Amino acid sequence: MEGRRRIETGALFLPIFGALLIVPPLVGVFNVPIAIFGLPVVAIYLFAVWLGLIVATAVMSRRLDRAERTVGSPPGEDRSE
Amino acid sequence: MISTDLVLVISAAYVGLLFVLAYVSDKRARQGVGGFLRSPLVYTLSISVYCTSWTFYGAVGSAASNNFEFLAIYIGPTIVFVGWWFILRKLVRISRHQRITSVADLLSSRFGKSGNLAVLVTLIAVVGTTPYIALQLKAITQSIQVITTASERSALGDLDTISLGFGVAACMAAFTILFGTRNVDANEQHHGVVAAIAFEAVVKLVALLAVGVFVVFGVGGGPVAIYEQAIAAGIEIHSNDVFGPRWIAILILSGAAILCLPRQFQITVVENADERHLRTAGWAFPTYLLLMSLFTMPIALYGLTVLPEGSNPDMFVLTLPLTSGNTGLALFAFIGGFSSATSMIIVATIALSIMVSNHIVMPIALRASTTFGNSGTGGVTRLLLTSRRASIAFILFLGFLYFWLSGNSDALAAIGLISFAGVAQFLPAMIAALYWRDATVHGAITGTFIGFLVWAWTMFLPSFASSSPTIAELIANGPWGIELLRPQDLFGLSGFDPLVHSVFWSLFLNTSALVVISLFTRQNALERIQAAIFADVFKRRNREQPHFAPGSASASDLYFVAQRVLGGQRAYELFEEFAREKGVSRTQVEPTADLVVRLERELAGSIGAASAHVMLSTVMTGQDISLEEVMQIANETQQVIEYSQELEQTSAELRSTAEALKQANERLRALDSQKDEFLSQVSHEVRTPMTSIRSFSEILLTHDDLGNDERERFTRTIHQESLRLTKLLDEILDLNALERGERRWQNGPTDVEMMLDRAIEICRPMAEQKGMRIEIGPRAAKVMVNGEPDRLAQVFINLIANAVKYNSSPEPFVRITSSVADKRYRVEVTDNGPGIGRADRQRIFEKFSRGSTASAGSDNGSGLGLAISRQIVMRMDGSLDLISSDSGARFAVTLPLLP
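Going down the list, the sequences are from chains A and B. Following the working numbering, the numbering of the first sequence begins with 1 at its first residue and continues without gaps. Following the working numbering, the numbering of the second sequence begins with 1 at its first residue and continues without gaps.
No wet-lab data here; the hints were simulated from the structure. Just so you know, these numbers come straight off a predicted model, no measurement behind them. In this text, a Cβ means the ideal position worked out from N, Cα and C, and glycines have one as well. It is possible that part of the hints are untrue.
Within a straight-line C-alpha distance of at most 20 angstroms, the following computed DMTMM-like cross-link-like pairs (lysine to aspartate or glutamate) qualify [what the hints assert, rightly or not]: (1) B:K782 - B:E828; (2) B:K805 - B:E739; (3) B:K90 - A:E8; (4) B:K90 - B:E275; (5) B:K805 - B:E828; (6) B:K90 - A:E68; (7) B:K727 - B:E739; (8) B:K782 - B:E761; (9) B:K90 - A:D65.
Reference listing, derived: stretches of chain A covered by chain B, where coverage requires no fewer than 3 residues with Cβ under 8 angstroms from a Cβ of chain B [what the hints assert, rightly or not]: (10) 5 to 12; (11) 17 to 27; (12) 39 to 53; (13) 61 to 69.
What follows is a set of in silico ranges between Cβ atoms, one per label pair, in the way DEER data are often shown [as the list claims (entries may be wrong)]: (14) A:R5 - B:G310: 23 to 29 angstroms; (15) A:F17 - B:L647: 30 to 36 angstroms; (16) A:F47 - B:P308: 27 to 33 angstroms; (17) B:T386 - A:R5: 49 to 55 angstroms; (18) A:F17 - B:V202: 29 to 35 angstroms; (19) A:F17 - B:L401: 53 to 59 angstroms; (20) A:R5 - B:Q674: 29 to 35 angstroms; (21) B:F508 - A:F17: 23 to 29 angstroms.
Model the full structure from these sequences, guided by the hints.
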């Protein structure tokens, strides 16, 4: 049950963290005329954050699934539907 | 170039393909063989109805003018889906549980099945979606014009923009009516539509990626080359104001839109077949969005660099392949854009038509005629279908009207954002519905209405400025010249981007009104019930409380209602199923609360919660009274539950008190028996010397004829025995005091080695008397411990004396070593005596216990020495242990060193 709570905390933190990464002031740091691999650094940053969030969500969803399976149906949840 | 006829034929063929696909999928789903249709993949693809022609064409246009701003439209929903566990999961769970059919139904259901709120939300949704549909019409019209410009005139070639737009709207209306309103589903799920939308999602993604790959790698020479050419052409890429307030406003709007847009709610929540599909959609939908936006920026930059000035950036996706002469790809791109527009129009109009028919037409029909529905079986179904078809046509007409009136100037993205801001007004009420139990219907209605008004004033109205001089004048000077009310500088808040200005005012006033009014108004009974169900959907096994007192209507009344709404077949099945569960035949079904609840839920699935509620309450007479009654019963039940919880708590407390008492009692018993034992031991110990004293003194008293020698011997024995008695009593007192912590002494820095030396010296005569060797082993250097010198010496003397006293070996010796290790000082006293039997090791430190092998006669100790020694050492934070005694005994004293 404790592992499940930890994953749920992670699930809450992830969108908040993601939102903080893509708003000022952080995103402003990368909005400079510098090119990495010949491309603007802010584009690379935004897409990298995006991809990172996708991967993290996939991992988190899998863990949530596993935690739910090992714990079984949490008490009080209606699964009879 | 491509002829208009070909474009029209291809579009028609594509729509035909969609229709066949939807028809087949629907049929398979009905037969229960469409497993694939209910997969997480199809679910995710259908959610991508979010990507409309705004994404397909407009994103490039947006990127061309505001560079990275378009990304916010896709990152906002990404954040919402990344956090699917918190909002989306709860939305889906509640909606499945309550048979929610639309976003209006959700809010109305939460706020006491309020009909007014449902009507308000429906109206806002219709008005808010209108610009969005206009956007699609505009995109389709523009794309048809672009792709056929250079071709020779044909049947439709000379139509102007407005007529073309009207034609597109009419075709779409016909198509959607055929598509989405063939029947009224029990739970408003449209498997066929979802399958078609999923298919379109693939088409538009592949088309956009194909154009992207062609532009970037085919003609552009790679992303780096495009970027460098754009810089060389003097295109501004790093404008500093992209990531400002507007960026944040768009993030909020797009995040709200993915939840509040009627079509997104329809697809994500209502059409959801399985809550677990969200797990996949949580990462797969953001992936789809990422792929859709991957090539947007390069296409925009390349278009800006290569195409002549004045080309419409919204159409770069089409014009770039066309100017490169790749007409096949251009046609494919056109199909992709067409696909994204049609999918949006289909789902949005279906979702809106459900809302209009359930929340506006149905209640009016219900109120207008009390005899309504007597027209026979399925009368309501017919009314629903007709009203939905009419609403679809009406909504598309509104879209066309907006397209016509707003002129042709705005970019696609700007129109889309107007819609987003409109439906975002549902967000505060929706969040409150999910998480805030005390939000009231008055708060929700007021907040949403104010938000809507502010949005309409600050954003919707100004969008007509380009075509209406009156509105342009209004924006410049305010109504009646009141500058404070100027739509884009409301209350003197000027200097902001119009979007940021409008989003701030509308959402701020909306939320404030919701919160403040909720705090000052009270919920009615039904609202309280619904609020609890919504907020705690994960906590309880929700079985809806009956909202009607049973018995006020007969089962046949209910059956009649069911027949009217659901049609004969479904009503029959429902009652049959219910009867089977209760184990009775269908004619014997009682109008119990269960049945009413089940029926209401089923009806809600067709006509919305508010209408279902109104309908059933017209059947069940005296509904208001019975609801209050039910509430009272619920309150009483609540009280009983609380009372029994209190009782349970009290009895748990009693149990734990009893347990504690029992333990205390056991401890007392043990102490009591220890005391008894101690007393009997003491009396035993005292009795031996007393007996000898008494007998010797009796001899002295009665025998006068004793010689001097004898008399002196007897007296000496008496003296010795009384000394022994005194010593015993002293030791008992000493031990007692030690144990009770009464005998305080001051621990101080003590040279423990010196004390050991002193003890050895004191014991040496005794050992020599017994012919015993004292071996001094390796010794520690001078160390200081925290202790009391005399007491330490007492412990050592006791240990050495014991070793001497109980040693019966032929060559007796005692060996004393000391060492320092690990910040602890350790003395070991070893002898080669008989050792201590296994059975005695446990109790050797107890009072009055002596080793059983100790010679019983001669100079016996009191049996208190080790007990006292251990107490002393413990008071110096050390320990006294018996190490091993296989041959001889070895005692160890360990004391912590002074730092």
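Do the hints match the structure? See the list:
1. With a CA separation close to 16 angstroms, the supplied pair K782 (chain B) and E828 (chain B) stays within the 20 angstroms bound.
2. The hinted pair formed by K805 (chain B) and E739 (chain B) fails the criterion: a straight-line CA distance of about 26 angstroms is larger than 20 angstroms.
3. Between K90 (chain B) and E8 (chain A) the CA atoms are separated by roughly 14 angstroms; this keeps the pair inside 20 angstroms, and the hint holds.
4. This hinted pair checks out: K90 (chain B) and E275 (chain B) have alpha carbons roughly 10 angstroms apart, not beyond 20 angstroms.
5. For the hint linking K805 (chain B) to E828 (chain B), the alpha-carbon distance of about 17 angstroms falls within 20 angstroms, and the restraint holds.
6. Using a Cα cut-off of 20 angstroms, the hinted pair K90 (chain B) and E68 (chain A) holds, with the two alpha carbons roughly 16 angstroms apart.
7. The straight-line distance between the Cα atoms of K727 (chain B) and E739 (chain B) is roughly 18 angstroms, inside the 20 angstroms bound, and the hint therefore holds.
8. Only pairs whose Cα atoms come within 20 angstroms are accepted, and K782 (chain B) paired with E761 (chain B) is accepted, the gap being roughly 18 angstroms.
9. With a C-alpha separation of about 16 angstroms, the suggested pairing of K90 (chain B) with D65 (chain A) holds against the 20 angstroms cut-off.
10. Only residues whose beta carbon comes within less than 8 angstroms of a beta carbon in chain B count, and the segment 5 to 12 of chain A has 3; three or more means the coverage holds.
11. With 6 residues bearing a CB less than 8 angstroms from a CB of chain B, the segment 17 to 27 of chain A meets the requirement of three and the coverage assertion stands.
12. Evaluation of the coverage hint for the segment 39 to 53 of chain A: fulfilled, as 9 residues show C-beta separations to chain B shorter than 8 angstroms, against a requirement of three.
13. Taking a C-beta to C-beta cut-off of 8 angstroms, the segment 61 to 69 of chain A contributes 4 residues in contact with chain B, enough for the three needed, and the coverage statement holds.
14. A C-beta distance of roughly 59 angstroms is found between R5 (chain A) and G310 (chain B), which places it outside the suggested range of 23 to 29 angstroms.
15. Range check, F17 (chain A) to L647 (chain B): Cβ separation about 46 angstroms, and the 30 to 36 angstroms hint is violated.
16. For F47 (chain A) and P308 (chain B), the Cβ-Cβ distance of about 30 angstroms falls inside the hinted range of 27 to 33 angstroms, so the restraint holds.
17. For the hinted restraint 49 to 55 angstroms between T386 (chain B) and R5 (chain A), the CB-CB distance of approximately 52 angstroms keeps it satisfied.
18. The hinted range of 29 to 35 angstroms is satisfied by F17 (chain A) and V202 (chain B), whose Cβ atoms lie roughly 32 angstroms apart.
19. Checked against the hint of 53 to 59 angstroms, the C-beta distance between F17 (chain A) and L401 (chain B) comes to roughly 44 angstroms, which is inconsistent with it.
20. Checking the proposed 29 to 35 angstroms range against R5 (chain A) and Q674 (chain B) shows it is violated: the Cβ atoms sit about 48 angstroms from each other.
21. In this structure the hint that F508 (chain B) and F17 (chain A) lie 23 to 29 angstroms apart at CB holds, the actual value being about 26 angstroms.
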